[in-house]
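Dock chain B against the given chain A, drawing on the hints supplied.
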Amino acid sequence: MRYLPKSPSERQEMLAAIGVKSVEDLFSSIPEPYRLKKPLNLPGPFSETELIQYFQARAAENSAGYTSFLGAGVYNHLRSVVTDTILQRGEFLTSYTPYQAEISQGTLQAIFEFQTLMCQLTGQDVANASMYDGSTATTEAVLMAERLTGKRRVLVARSVHPEYRDVLRTYAKNSGLKIEEISYTALGTVDSNGLKAALRDDVCAVVVQSPNFFGAIENLPSLADAAHGSGALLVTAVAEALSLGIVKPPAEADIVAMEAQSFGLAPSYGGPFAGVVATREKFVRQMPGRLAGQTTDQDGRRGFVLTLATREQHIRREKATSNICTNQALCALAATVHLTLLGKEGIREMAEHNLAKAQYTLQALEEIPGVKRTFSAPFFNEFTVEFPRSVKIVNAGLAKDKIVGPFVLGSAYPEFSKHALVCVTETTPRGEIERFVASVKRILEQPL
Amino acid sequence: MNSKIKKASRHTNQNSGLIFEKSSPGKRAFDLPPLDVPAVDAAKVLGGAHRRGGVEGFPEVSEIEVIRHFTRLSTWNYAIDLGMYPLGSCTMKYNPRVNEFVARLAGLATEHPSQPQELSQGCLKILSLLEKCLLEITGMDVITLQPAAGAQGELTGLLLIRAYNEKRGNPRKKVLIPDSAHGTNPATAVIAGYEVENIKSNSEGQVDIDKLREQVTEDVAALMITNPSTLGIFEQQIPEIAEILHRKGALLYMDGANMNALAGVTRPGELGVDVMHLNLHKTFSTPHGGGGPGAGPVAMKKILEPFLPVPVLVEKADGNLALDFHRKESIGRVKAFSGNFGVLVRALAYILAYGPGIRQATEDAVLNANYIRRHLEGTFDLPYARPSMHEVVFSDALQKKNGVNTMDIAKRLIDYGFHPYTTAFPLIVPGALMIEPTESEDKEECDLFIEAMKSIAQEAEKNPEVVRTAPHTTRVRRLDEVGAARKPILRWKPAASRREAAD
Numbered sequence: 001m002r003y004l005p006k007s008p009s010e011r012q013e014m015l016a017a018i019g020v021k022s023v024e025d026l027f028s029s030i031p032e033p034y035r036l037k038k039p040l041n042l043p044g045p046f047s048e049t050e051l052i053q054y055f056q057a058r059a060a061e062n063s064a065g066y067t068s069f070l071g072a073g074v075y076n077h078l079r080s081v082v083t084d085t086i087l088q089r090g091e092f093l094t095s096y097t098p099y100q101a102e103i104s105q106g107t108l109q110a111i112f113e114f115q116t117l118m119c120q121l122t123g124q125d126v127a128n129a130s131m132y133d134g135s136t137a138t139t140e141a142v143l144m145a146e147r148l149t150g151k152r153r154v155l156v157a158r159s160v161h162p163e164y165r166d167v168l169r170t171y172a173k174n175s176g177l178k179i180e181e182i183s184y185t186a187l188g189t190v191d192s193n194g195l196k197a198a199l200r201d202d203v204c205a206v207v208v209q210s211p212n213f214f215g216a217i218e219n220l221p222s223l224a225d226a227a228h229g230s231g232a233l234l235v236t237a238v239a240e241a242l243s244l245g246i247v248k249p250p251a252e253a254d255i256v257a258m259e260a261q262s263f264g265l266a267p268s269y270g271g272p273f274a275g276v277v278a279t280r281e282k283f284v285r286q287m288p289g290r291l292a293g294q295t296t297d298q299d300g301r302r303g304f305v306l307t308l309a310t311r312e313q314h315i316r317r318e319k320a321t322s323n324i325c326t327n328q329a330l331c332a333l334a335a336t337v338h339l340t341l342l343g344k345e346g347i348r349e350m351a352e353h354n355l356a357k358a359q360y361t362l363q364a365l366e367e368i369p370g371v372k373r374t375f376s377a378p379f380f381n382e383f384t385v386e387f388p389r390s391v392k393i394v395n396a397g398l399a400k401d402k403i404v405g406p407f408v409l410g411s412a413y414p415e416f417s418k419h420a421l422v423c424v425t426e427t428t429p430r431g432e433i434e435r436f437v438a439s440v441k442r443i444l445e446q447p448l
Numbered sequence: 001m002n003s004k005i006k007k008a009s010r011h012t013n014q015n016s017g018l019i020f021e022k023s024s025p026g027k028r029a030f031d032l033p034p035l036d037v038p039a040v041d042a043a044k045v046l047g048g049a050h051r052r053g054g055v056e057g058f059p060e061v062s063e064i065e066v067i068r069h070f071t072r073l074s075t076w077n078y079a080i081d082l083g084m085y086p087l088g089s090c091t092m093k094y095n096p097r098v099n100e101f102v103a104r105l106a107g108l109a110t111e112h113p114s115q116p117q118e119l120s121q122g123c124l125k126i127l128s129l130l131e132k133c134l135l136e137i138t139g140m141d142v143i144t145l146q147p148a149a150g151a152q153g154e155l156t157g158l159l160l161i162r163a164y165n166e167k168r169g170n171p172r173k174k175v176l177i178p179d180s181a182h183g184t185n186p187a188t189a190v191i192a193g194y195e196v197e198n199i200k201s202n203s204e205g206q207v208d209i210d211k212l213r214e215q216v217t218e219d220v221a222a223l224m225i226t227n228p229s230t231l232g233i234f235e236q237q238i239p240e241i242a243e244i245l246h247r248k249g250a251l252l253y254m255d256g257a258n259m260n261a262l263a264g265v266t267r268p269g270e271l272g273v274d275v276m277h278l279n280l281h282k283t284f285s286t287p288h289g290g291g292g293p294g295a296g297p298v299a300m301k302k303i304l305e306p307f308l309p310v311p312v313l314v315e316k317a318d319g320n321l322a323l324d325f326h327r328k329e330s331i332g333r334v335k336a337f338s339g340n341f342g343v344l345v346r347a348l349a350y351i352l353a354y355g356p357g358i359r360q361a362t363e364d365a366v367l368n369a370n371y372i373r374r375h376l377e378g379t380f381d382l383p384y385a386r387p388s389m390h391e392v393v394f395s396d397a398l399q400k401k402n403g404v405n406t407m408d409i410a411k412r413l414i415d416y417g418f419h420p421y422t423t424a425f426p427l428i429v430p431g432a433l434m435i436e437p438t439e440s441e442d443k444e445e446c447d448l449f450i451e452a453m454k455s456i457a458q459e460a461e462k463n464p465e466v467v468r469t470a471p472h473t474t475r476v477r478r479l480d481e482v483g484a485a486r487k488p489i490l491r492w493k494p495a496a497s498r499r500e501a502a503d
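These protein sequence lines map, in sequence, to chains A and B.
Numbering-wise, the numbering used here puts 82 at position 82 of the first sequence, and it's gapless, one number per residue.
Numbering-wise, the numbering used here puts 480 at position 480 of the second sequence, and it's gapless, one number per residue.
With the rest of the complex left out, here is chain A:
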C-alpha cells in the first residue's frame, strides 16, 4: 500500500527484533473473541486515479455551472491562487500545533499576524488564534460574558443568524443560562425599546449581529450604551467579515465573535471555516482558545510562543475557559494570507464592489412590479426583498435557469412568507445579475 513505507522483509526484520513470530502476536492483549477474523466490509482499495474519478463524479452531481445569490452566513468571494500555494506547503499543511515553539516559529508568527489583522479589522485589543466557526465563537463569547459578569440572563436579537442562535441554545441548556430573544423593527434592526425593557442587572450579555441576518447594519454604539447601562456586555457577531472593509468596526462591543470564511475560504458545503473571538485587553484571561504571544529567547532574539495556557484544557482541565483543543489553524492561515494579499486598499475596494453590486441588484429588482424592499436600514451585500409570490416558487423557476436563488427567509422566520435574502458579491458579473433579475421578472409574470 503506497502510504506504508515498509517492505515485507523489513517487517520481518522488525518482528524478529521484537522477538515475535507474526504481527498477530502484537495484538494478543485484545481478548480473542473481540479480534476481527475477517477484513472490514469497506469499498476500495482505490488507486489515486480511481479516487479522483469517484470525487469528480460526486462533484458533477452538485451545482456546478449555476450562479448563486445565496449568502446567509457563507459567502462567495474571490480567492487568489497564492493563498493555496502557501497553504499547500508541507511545512504549513502537515505541521502540528505549535507547542514546541523552537520548531514552529512559522506557524506561531503567522498566528500572531492573524491575531493582529483580526484586531485591526474589529477595532478590538486582542484576538485569539481561531475557534471552529462563527456560530461556536458566538457561543464561546456568551460563556465568556457569563464568566466575566457572573450573571445568567442572555438577550439575543432575533436578527442574529438562526443557526448561531440554535448552537447557543444547545450549549446554554446545560450551563444554566437563560436565553431570551429581542425582536427587530421595521427598519430591520434590533428593537432597542424592547431591549431596554428587557434589560435588568441580571443580564450577562446582549448578543447582536452586524450586518445582521437580514443584511441590515446595526447601531452598535447605542446598543452598547443600553447594555452597559445595565451592567451587561455587548457581544457582536459578524458573519460577513468583508463588511469590515467599508463598515465601521464593532469597537464598542465588549466581545466580537467573527466568522472569517469570507477571507480566502471556499464555501465547501459548510466547512471548515474559522471563527474568531476578539475582545478588550482587560478580558484576555477569560478568553477561550489559543493565543500566540511575542517573547524573546535566551539570546534576545524575538520569537513567538503559545501563551496564557493556564486558560486551556490541557493545563486547567475541568476549570478551563473552554474545552477546545484542535481549532482551525490552517483556515486562519488562509485568512492571513488572503488579507495580506488584499491589503489596505484591496479590502476596501472589494467591499466597495460588493456594496455597488448589491445596490445595483436591489434597484433592478425594485423595478419589477410587486417586488419590494423590506427593511430600510442600510446594508452591505445582502438585503431582504418581498416577492408577490412564495420564494420557493421563484427559486424553482430560477433553478431551471441554472440560478441558485436567494435564501428563503420563511424557513427560519415563520412571519416571513414571501421574503428572500438576496446576496450579491464581487464574484457576480453584471450579466448574471441582469439575467437573474430578468428571470425573476419572467417567473413572476407567469400565471400561477
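Check each hint, because a few of them may be wrong.
No farther apart than 30 Å at their CA atoms in a straight line, the calculated lysine-lysine pairs in the BS3-like style are these [as the list claims (entries may be wrong)]:
{"id": "1", "chain 1": "A", "residue 1": "400", "chain 2": "B", "residue 2": "316"}
{"id": "2", "chain 1": "A", "residue 1": "178", "chain 2": "B", "residue 2": "328"}
{"id": "3", "chain 1": "A", "residue 1": "21", "chain 2": "B", "residue 2": "443"}
{"id": "4", "chain 1": "B", "residue 1": "7", "chain 2": "B", "residue 2": "454"}
{"id": "5", "chain 1": "B", "residue 1": "400", "chain 2": "B", "residue 2": "454"}
{"id": "6", "chain 1": "B", "residue 1": "44", "chain 2": "A", "residue 2": "372"}
Computed list of chain B residues with no C-beta within reach of chain A, every gap over 10 Å [what the hints assert, rightly or not]:
{"id": "7", "residue": "141"}
{"id": "8", "residue": "219"}
{"id": "9", "residue": "313"}
{"id": "10", "residue": "328"}
{"id": "11", "residue": "402"}
{"id": "12", "residue": "458"}
{"id": "13", "residue": "465"}
Just so you know, the hints here were simulated from the structure itself, not pulled from any lab data.
Because the structure is a prediction, the values reported are computed rather than measured.
For each residue, glycine too, the CB sits at the ideal point set by N, CA and C.
Then chain B, alone, in the frame of chain A:
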C-alpha cells in the same frame, strides 16, 4: 555531537520580520477585475455614521513579498513531510496529497450549505458513504458527522447521554473520568453540565475495576474511557467495565483518539461502548495544518439515535438523500451548517484508498511502536510493563538522577532532527515520554529515532548540560514563556512615531 547526528541539519532559513514591518503605502498584491456596475458613494449608501475610512494598520505589500514572507515562515516549521513526529495520541501520519486535490474540486469546494438539496446530491452521497464506512470501522449503529473536532465530539456525546437520561427521568449528576485522561475530557464534562469525578488507575495503569464498582451509582451518567489508554495499553476489561456501568443504567463513552491501534482489528461497538468520537485528523489522516481544522464524528448505539444533533442525513422514499432539520428529541445544533465538509472529504478519500486493507495500517503502527519500545527498554524507565499497542510511555526517572527531565530530552531530540514526543502526559506518569510513531514511518526513520534517543540518554549521563540547555541548532533557542505570560504581547502595534494617516 555533529558526527553522531545523521539526520539533522541546522536551520539556516532566512529571517522575515512581521508582514506589517514590510508594509509601505501604495503597494498591492492582488488586483480586482474592474467594477462592471455603477460605483456608489459608500457614505451616501451606508450613512456617514457607518462608513469606515480604511482598516488602520492593514499591510500594504506586493505579491512577491507575500510569497517570500510566508514561504520563509514555512521553512521555520517542522512537518510530517520532513520527518517523524513521535507525539503520543496525536497520530501524526502521512497526509495523502490526493486528499487535498479532491477536497478542492470545483463542484465540491464551491457548494453552499443552504443550496437546494436536489443540487447537493454529490455532497450528500459523500457524507452518506463516510457514515457507512465509519460505522463499519467502529461497529456502531448510528453516526453524526457534525462536530468540528474531538472536543466538540466529546461534548456532543455527553449531550446525547444527558438527553437519554433526561428522557428516563433522571439526568444524573456525574461523569467518571480516569486520571490518565486527556484534558478535553474533564473540560467537556463541565460544559455538558456534569460534575467530574476522578477514577484512579490501578497499578497496571488500567481502569480499576473494583474502584469502578464502588464509584458507579445511579448518579453517574457515564465513564469516559480512552482505549487503548493514554499509556498505549489495551483496556482488557472493557467488556466488564461496560457491564458494570450498564447494570446501574450508566453508559460507556469512548474517546476515540487512539483508534489508530484498533481500526480493522477490533470494533468498539462490540466491546460494549455506547457512544464514541473519532478524530479524523488523527487516525483518518486529515492534516493538522498547525492546529486544525479537524473533525470529530460521534458514533453511537441505536438507543441514542433519537437525540442526534441536527441536521441528520436521511434517505428519502425516492432514493434521494436529504438533510433532516426537524427531529423532535434532538439535542439541537452543535455547529452551523453541515460539519467540516472539506475535512470529511479527505477522511473518506483516505478510507477508500485502503478499503478492507485498512488493518494493515493499524498493524504497521503497532509494529513500529513495539519496535521502538523493544530498543529503548532499559535505556528509559518503563513504568507500565503491559504490552503496548500503537504508542509506548516511558518516564525520565533514570535521567532525572542527573538533573535531566523529559522536557530537556525532548528539546535535545530537536537537535537530532525530530519533533519531540509528548512530554509530561499522561499525568499518572511523572516525567512521561509518550511515543507514537504511526504506520507512516519506515524502518530507517525508526532506527534514527532509536539512535537519537540512546545518544541523548548517554549525554544525560556524560554531559547533562548539553541536554538541559537544548535545543542548540534551531533558529531560536528556548523561549521565555514566563515573560510571555506575565506581560502578554498578543498583536503587532505600529511604533508611536509612525502614525497612520487619519481618514
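Outcome of the hint check:
no. : hint             : in the structure
1   : A/400 with B/316 : holds, 22 Å
2   : A/178 with B/328 : holds, 21 Å
3   : A/21 with B/443  : holds, 18 Å
4   : B/7 with B/454   : holds, 14 Å
5   : B/400 with B/454 : holds, 15 Å
6   : B/44 with A/372  : holds, 21 Å
7   : 141              : holds, 15 Å
8   : 219              : holds, 16 Å
9   : 313              : holds, 12 Å
10  : 328              : holds, 15 Å
11  : 402              : holds, 21 Å
12  : 458              : holds, 21 Å
13  : 465              : holds, 14 Å
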